[in-house]
Amino acid sequence: MDLTIERVEELLRFVDDGAPSRLDLSAVRFADPYGLLLLDLLIHHRADSGAPLRVAWPTHPAVAGWMRAMGLHADLKGTGTTRPPRVEAALQPIARIEEESEVVDLVNAFDARLAARYPLDDSPRMTLVRIMIELFQNIPQHSNATGTAPNPHGVAAMQDYGDGIFLAIADKGVGLRASLSVRDDEPIDTDAAALDAVVLRGLSRFKDPGRGQELTRIYKMVRSWDSTIAVRTGDALLTHDPVRGGEIRDVAFFPGVQIALVIPRQVFGIPEVDADRDPVFNELDE
Amino acid sequence: MSQFGRRIGTRSEGEAAREVVLAALGNLPPDGQLRISLNGLEVLSGSFADESIGKSYQALVSGLHEGRTMVVETPSLELTEGLADKLTQRRLAMLCLHDGQWVVLGQLAEPHQETLQLIVDRGSTTAKALADTLAIPANACHQRLKRLVELRLVLQERTGGTAPKTQYLFHSIL
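Quick mapping for you: the protein sequence lines, in order, are chains A and B.
Position 8 (the first sequence) corresponds to 8 in the working numbering; numbering is contiguous.
Position 162 (the second sequence) corresponds to 1162 in the working numbering; numbering is contiguous.
Extracted from the complex, chain A is given alone in its bound form (with noise of 0.2 Å):
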């Protein structure tokens, strides 16, 4: 099993399904930012909600060290953690995202730690600090548009692999329906009408002009790089990657907004690497 993109929805439809009180992850081999995220939001959910999950973790010693270097544990603790990785190989740790005035600090913490890695281009290193600002502050700004939210909880993580750069942004608020339903001009029926919406369309909640079409343009930027995106909320994900060309399809219910960007690495003009060079595959191929 892996916690990836596309693989993290067979986690979240078992877990939808038969409500669980326990998740086996023992047998999993690989696991992605977006994957982390999920799982982190997942297991604060459950306990929200009065039904906590008891976790086997992953015993692939790699996967279980670069869980625990993302700061996955601290974060399930509540203890949240600044520190650099002590595990080489983790980029970014889950860094959680609360309020609006520290979104600045927080962006430019992950762009540090990833120009202290590579030399990377001007342009699109301050392309990606400008999404980064974006959808860091959609989470204080609409993960509890409608108040209802009981603990809208943001997360990001980044890890860098062989082939890109994988930055993923969560939260478990009211998810971008909820959040459209404020207007009363745009009746919007289904999570993927909203990802139809918000994403392709740049419908915002604000009838303001100036508000909305972030996503878009994000959208847009990134397939034009080349890379590949996947925005969920509620039972819809939408995936966009160069070769399968974008989908939205229906998945198993998870509360709030989830997103991955997955830019290659010459974007930055960082050579690729082969994945048998790359320290994190080394690890997690063995």
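Just so you know, these hints were derived from the structure itself, not from any lab.
Treat the hints with care, since some could be wrong.
Only pairs whose alpha carbons sit at most 30 Å apart, straight line, appear in this in silico DSS-like list of lysine-lysine [what the hints assert, rightly or not]:
#, chain 1, residue 1, chain 2, residue 2
1, B, K1055, B, K1146
2, B, K1165, B, K1128
3, B, K1128, B, K1146
4, B, K1165, A, K220
5, B, K1055, A, K207
6, A, K207, B, K1146
7, B, K1146, B, K1165
8, A, K220, A, K207
Derived coverage of chain A by chain B (criterion: at least 3 residues anywhere in the stretch with Cβ under 8 Å from a Cβ of chain B; other residues may be distant) [said to hold, decoys possible]:
#, stretch
9, 104-115
10, 134-145
11, 208-219
Owing to the predicted nature of the structure, the values given are computational and were not obtained by experimental measurement.
We treat Cβ as the ideally placed atom computed from N, Cα and C, and that holds for glycine.
On the provided structure of chain A, position chain B as indicated by the hints.
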């Protein structure tokens, strides 16, 4: 803008910056121009740009401080991308100075750009002179000028006559 940081910013931060921009506009003389410099910035997010500059410009175009104008100065056009997008969403257009040249940020139709170019080149001119140069009917020229004046991209000065034959001179704001 660099007083707010090198990498700016969120909507709330832009909202606070708007107070500064509006105060600066309010302190100008009646025909004053506010030049917003992006020097020293590395990043200007669309959200911050919209709250601080876009909404201030919207207020100006809606009638605030008649006679005053706003222009952006930038060391790189890449920095203005978020602002340009937001101005387009608001159906506004602003003049931006870059590397000794001017460009329009936001949404301005090609015929209006053509007319604006002539006014900037001439400094001041009349509707009749513009219509003659552009070889377009007077009514069409008046429509273009009306939009440019609405957007505070040019200033009009009444020079004589009475309605409906009022005469105006149109001035470049650069």
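Hints and how they fare:
1. Under the criterion of a C-alpha separation no larger than 30 Å, the hint pairing K1055(B) with K1146(B) is consistent with the structure, at around 21 Å.
2. At roughly 12 Å between alpha-carbon atoms, K1165(B) and K1128(B) fall within 30 Å of each other, so this suggested pair holds.
3. Of the pairs offered as hints, the one joining K1128(B) and K1146(B) holds, with about 14 Å between alpha carbons and a cut-off of 30 Å not exceeded.
4. Between K1165(B) and K220(A) the CA atoms are separated by roughly 50 Å; this puts the pair beyond 30 Å, and the hint is violated.
5. Of the supplied pair hints, the one linking K1055(B) and K207(A) holds, its CA atoms being roughly 14 Å apart against a limit of 30 Å.
6. Between the alpha carbons of K207(A) and K1146(B) the distance comes to roughly 27 Å, so the proposed pair stays at or under 30 Å and holds.
7. Under the criterion of a C-alpha separation no larger than 30 Å, the hint pairing K1146(B) with K1165(B) is consistent with the structure, at around 15 Å.
8. Between K220(A) and K207(A) the alpha-carbon distance is near 22 Å, which keeps this suggested pair within the 30 Å criterion.
9. Look at the stretch 104-115 of chain A against chain B: 3 of its residues bring a Cβ nearer than 8 Å to a Cβ of that chain, three or more, so the hint holds.
10. With 3 residues having a beta carbon nearer than 8 Å to a beta carbon of chain B, the stretch 134-145 of chain A meets the requirement of three or more and the stated coverage holds.
11. Residues of the stretch 208-219 of chain A with a Cβ under 8 Å from some Cβ of chain B number 7, which satisfies the need for three, so the listed coverage holds.
Figure legend: structure checked against the earlier numbered hints; the only hint not met is number 4.
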